[in-house]
Every structure is written in structure tokens, then in C-alpha cells.
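Participant: First to last, the protein sequences are chains A and B. So in this note's numbering, the last spot in the first sequence is 271, and the numbers never skip. So in this note's numbering, the last spot in the second sequence is 577, and the numbers never skip.
Just to be clear, a hint being listed does not mean it is correct.
Unchecked claim - Partial list, derived from the structure: chain A residues whose beta carbon lies under 7 Å from chain B: (1) LEU47; (2) PRO115; (3) LEU117; (4) LEU118; (5) VAL126; (6) LEU233; (7) ILE246.
Hint data in this document are derived by calculation from the structure and do not stem from the laboratory. Model, not experiment: these values are computed from the prediction. Note that CB positions come from ideal geometry on N, CA and C, so glycine has one too.
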Amino acid sequence: MSRKSPLLAAGIAIVAVGALAALIGPWLTPFDPADQNLPLRLAAPTLSHPFGLDELGRDILARVLAGARISFLVGIIVVSISSAVGTALGAVAGYFGGFWDDVISRTVDILLAFPGLLLAIALVAVMGPSLGNVLFALTIIGWVGYARIVRGQALRAREFEYVQASRALGAGPLHVLVRHVIPAALPAVVVQATLGMAGAIIGEASLSFLGLGVQPPTPSWGNMLNGGRAHILDAPHLTIFPGLAIALLVLGFNFIGDGLRDATDPKKPRG
Amino acid sequence: MTRFLIKRLLLTVPVLIGIATLVFLMLHLVPGDPAQMMLGESAPPSDVADLRARLGMDRPLYVQYGSFMKGVATGDLGTSFRTNRPVTSLIAERMPATFELALVSMLAAILVAVPLGIIAAVYAGGAIDHAATTLALLGISVPNFWLGPLLAIVFSIELGWFPVSGRESLGSLVLPAITLGAPLAAILARTTRASLIEELNEQYVLAARARGVSRTRAVLAHAFRNSLIPIVTVAGLQFGSVLTGAVITETIFAWPGIGRLLIQSINSRDYPAVQGCILLIAVTYVAMNVIVDVAYGWLDPRIRYE
Numbered sequence: 001m002s003r004k005s006p007l008l009a010a011g012i013a014i015v016a017v018g019a020l021a022a023l024i025g026p027w028l029t030p031f032d033p034a035d036q037n038l039p040l041r042l043a044a045p046t047l048s049h050p051f052g053l054d055e056l057g058r059d060i061l062a063r064v065l066a067g068a069r070i071s072f073l074v075g076i077i078v079v080s081i082s083s084a085v086g087t088a089l090g091a092v093a094g095y096f097g098g099f100w101d102d103v104i105s106r107t108v109d110i111l112l113a114f115p116g117l118l119l120a121i122a123l124v125a126v127m128g129p130s131l132g133n134v135l136f137a138l139t140i141i142g143w144v145g146y147a148r149i150v151r152g153q154a155l156r157a158r159e160f161e162y163v164q165a166s167r168a169l170g171a172g173p174l175h176v177l178v179r180h181v182i183p184a185a186l187p188a189v190v191v192q193a194t195l196g197m198a199g200a201i202i203g204e205a206s207l208s209f210l211g212l213g214v215q216p217p218t219p220s221w222g223n224m225l226n227g228g229r230a231h232i233l234d235a236p237h238l239t240i241f242p243g244l245a246i247a248l249l250v251l252g253f254n255f256i257g258d259g260l261r262d263a264t265d266p267k268k269p270r271g
Numbered sequence: 272m273t274r275f276l277i278k279r280l281l282l283t284v285p286v287l288i289g290i291a292t293l294v295f296l297m298l299h300l301v302p303g304d305p306a307q308m309m310l311g312e313s314a315p316p317s318d319v320a321d322l323r324a325r326l327g328m329d330r331p332l333y334v335q336y337g338s339f340m341k342g343v344a345t346g347d348l349g350t351s352f353r354t355n356r357p358v359t360s361l362i363a364e365r366m367p368a369t370f371e372l373a374l375v376s377m378l379a380a381i382l383v384a385v386p387l388g389i390i391a392a393v394y395a396g397g398a399i400d401h402a403a404t405t406l407a408l409l410g411i412s413v414p415n416f417w418l419g420p421l422l423a424i425v426f427s428i429e430l431g432w433f434p435v436s437g438r439e440s441l442g443s444l445v446l447p448a449i450t451l452g453a454p455l456a457a458i459l460a461r462t463t464r465a466s467l468i469e470e471l472n473e474q475y476v477l478a479a480r481a482r483g484v485s486r487t488r489a490v491l492a493h494a495f496r497n498s499l500i501p502i503v504t505v506a507g508l509q510f511g512s513v514l515t516g517a518v519i520t521e522t523i524f525a526w527p528g529i530g531r532l533l534i535q536s537i538n539s540r541d542y543p544a545v546q547g548c549i550l551l552i553a554v555t556y557v558a559m560n561v562i563v564d565v566a567y568g569w570l571d572p573r574i575r576y577e
């Protein structure tokens, strides 16, 4: 598969490097992300501090590495919960139809009526800024996409002959959903989950950038960029490095998502 | 067409009611007392009780819901806690700036992305296509809260071409519009490319070429017109991201629009203003989706008769 998809290979490489950096980050630099060196505040990159120091004299490389942990944590938690919830609800809506389909589909419609991150911004605005609330808000907007995909697949799967055969042989709804309907939807769910990782990482960074997410002094790429805004004139390195980290990781997940979509698209000719 | 329009408009009514209900509930289902949160934790209970009475929060929930919905229907969004002015007039003041920014960035995105997508599709698989496709993926992945400051570093600070912030001259529109439009341009270029490649493989394009229609005309007048539906859909759907992106872009460039008002209101716990901004953005988005649906009928006559 990856032989013909350089995109997928490049994406996997970028994400693997990012994940490794998040895991072994503390051993890659001698500096603690919280240690302040006030005399050197805003110092430009040097050999010992390759990304420079921030407004409180903290090592930006150490903070970018610590921020990677937050980004992966947010992505993994948001994607696991929202894909599980969305898949279950979408399967129920599409397979049973009727009342539950109405309730679930109308909820999806209303949540989709809010553009992108707006609902997350609104939720965090009233609940208060914290990592927990960011996870909650991103999950609330996240599950909808999976529910829509799986509902559509379940509607189709209901008509498949092997599904009807399974029902005729006495299989109960749970068996049919778990063994036939959800597996049929899985490729689409995996693609959505990969793009969802990118979405959740950007979502957390956006909220933190607006001051609504992870709160300082805990380093997150978004709040580092927010801190860099005040020093864009005198210390642009505060802005450049955390932003580069977000862009690269998101690019990696988008590469994987695109590559997987092409690989699982039956209409696309494969070499 | 009129029947389709009426039906489509009627279908949005429950969605609009749902949005308003959710915006209302947001403030009331959250643990804690909104009045206490607005005033801060150290506020004396008497002040909190006063504010609760002033905001009508001492009434039963269904009464509050009724008056909120009545207010929304009549364009009364309450009084801003921070400025003591009607939320509707605060929003009305900020709206032109946001729409100016959103429209200019969408237009710029379309003008850049559609030709790029067409060229990529016509030369699919070639070097130009690869360059365009990579550029598009980059555009999607670079977050606007990084692109904005980067543009400011290069074009305002290093080159001094455009102002860093504010809305004084036409020049101050350039960087915010690029920041907001870049991801949209990337997505549109990808959609244009994919959609046009599909059409170019259709028999009717070959037939047109066989009749002696020039290659350019076959692409633009025949295939492109038919590939417009997905392009319009994506452009319309992305309007929502543009509105959310405006919240971030306006914050970066101190652009005096709805997005900045929203963040300022959140920071000062001005909940009536927060509710108003969110309601307005969501309703604008729904309206845009209706416009997209109606545009289908115009682009593809087959849809009209369904």
C-alpha cells in the first residue's frame, strides 16, 4: 500500500518522529520546560538553546517537546471517545431508524449548524478554561462526524444480502451491528479518525491560543503562540517554533488521512 | 423553484430553534451560578442576587427560556453586561468589519484556488499538479494563528508593506484576508482539481472535442461548468470555517469585528454578548447553507424538478 503512496509514508514518518519526541522529550534536552532564566529572557536561538528562550527565559525546545505531549494526549483522548460514541450512535440510528434515528439525526443537525470550532469556543467560554473542558468541548463537536459516516454505512449495510442472511439465521441486532455493520464502516471511520487527530490538535491549539485552553505555565503549542504575540516585534522565535511544530504534526496526520482515503477508495485505480 | 425555496426555508426553522435553545441552555446547564461567574468568586452574595434579578435569572427556567426565545425572534438579544448597551447594537457595529474581511478573503481564495485547481486537473500527474497539490496540503495544515503572525513578521515588520493591526486603510485588510483565506483556497483548489478530473473523463467532453470544440473551451465551458456543484458546496460549507477563522484572525490583527467582540466578551464574562455573537455566527452559517442549496438548483437544472 505504502509502496504506491509516498504521501502515506511521509505522513507516518512525520507522526512517528513527533510521537517519539513526545515520548522521550525530557531526555532530548537538559533543560526543564518550567525552569526560568530571567537574565536571558527572549534570547535568540544559540547552540545550547536551539529554539531560543521565551519571555520568562524558559527553553523553547523543552517547552515544544512538552507541548507535543499535550497535543498527542488531546488528539488520542478526543479521537478515541468521539469515534466510539459517534460510531455507536451512528450505527444505532442507521440500523434501527425510527425514533432513535430522529433523535440522533436532529442532534447531529443542530450540532453541525454551528461552524467548526465555534461551539467548542462557546462551551469553554462558559465552563472556564482548562484542559479537561477543552477535551470535553472537542469531543462534543467531534463525535458528530463519525455518527454521520456510520449512519450512512449502516443504512446501506442493512440492505446487504449477507446482513439479511445473518438476520434470517437468527442473529440479534447487537450481533449484526458489531459483526457486520460497524466493520463495513471501519475504513471510513479510520480515515475520519486520522483527520480527527489533526482536527483535535488544531482545536486545542486554537483554544489555547485564544487563552481558552491549556493554561500557563503548562506548555501547550497554542498558549506558547499566544505568549509570543506580545513579542512578535522583538522575538519572533517565540512564534516560529511552536507554530512549526503544529504545522508539521498536522501535515503528517493529513498526509496519512489522505493516503488512507486514496488507498481505501474503491473508485480510485490502484497501481 | 419557489416551492423548493419555501420548503428549504421551512426546514431551517427547527434548526434555528435548536441553535437558539442550545445557546440558551449553554449558560444554564453549566454547573455553577452564571451571575457568580460574571462577578467573580469573591463577589458578595447581595451583589450576585442583584445581578440575578437584573438578568431575570431568579425566574423559573421555562419563563427565562420563553423570554429569551421571544427576544431572539424580535431581535432583542439582551443588554451587554460590560458596556450596558443592547447586544444587538454592539453586534451591528461590528458586523460590517467581519463581513468585509470574510467576503474579501473568500473572493481572494476563489480567485486563486479555482484557476490553480483547473491547471492542476488539466495537467494531472505532472509537475505543476504535484506542486499545486503539495501547496494545497500545506495550506490546510498551517494553522491560521501561526500563518497570521508569520505574515506579520515578514510583511509588516521586515518589509513594512502593511500595518500589523487595526482597520485604518485598505492595506490593513491584506494580511488578515490572506490569513483567513489561505486554508479555504487550499481546500477549494483540491476540490476543483478532483471534481474537474472526474468530469474530464466523461464521454461528453470527448464528444465535444470530437465535434471540433477547442481544448480550452471543452475544459472551461463544458467540464468546468459541471464540476461547479462540488466546488460551490465546499465553498459554502467552508464559510463556517471562515467565520470561526475570523475569530482567530481578528484576534491576531486586532480587527474590530464580531470575532474580536466574542473573545473580548468571553474575557470579561459578558455572557449576553457571548450568546449574541455565537447566535449570530451560527445563524449566518445556516443562512449560507440555504443559499448553497438554492445555488444547486441554478447550477444543475435536474435538481429543480425533484
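Participant: So, as I understand it, the hint says A/LEU118 touches chain B; can you test that by seeing if any CB pair is closer than 7 Å?
Facilitator: With a closest approach of 5 Å, the A/LEU118 hint holds.
Participant: Please verify that hint: A/ILE246, Cβ, nearest Cβ of chain B, below 7 Å or not.
Facilitator: holds, 6 Å
Participant: Take the shortest C-beta to C-beta distance between A/LEU117 and chain B; is it under 7 Å?
Facilitator: holds, 5 Å
Participant: Double-check A/PRO115 for me: the hint is only fine if its C-beta lies closer than 7 Å to a C-beta in chain B.
Facilitator: It holds, given that the least Cβ distance between A/PRO115 and chain B is near 3 Å, below 7 Å.
Participant: Once the shortest beta carbon distance from A/LEU47 to chain B is found, is it less than 7 Å?
Facilitator: violated, 23 Å
Participant: For the hint on A/VAL126, does the least C-beta distance to chain B fall short of 7 Å?
Facilitator: Hint holds; A/VAL126 Cβ to chain B Cβ min 5 Å, cut 7 Å.
Participant: Under 7 Å is the threshold here; is the Cβ of A/LEU233 close enough to any Cβ of chain B for the hint to stand?
Facilitator: holds, 6 Å
When held up to the earlier numbered hints, the structure conflicts with hint 1 and nothing else.
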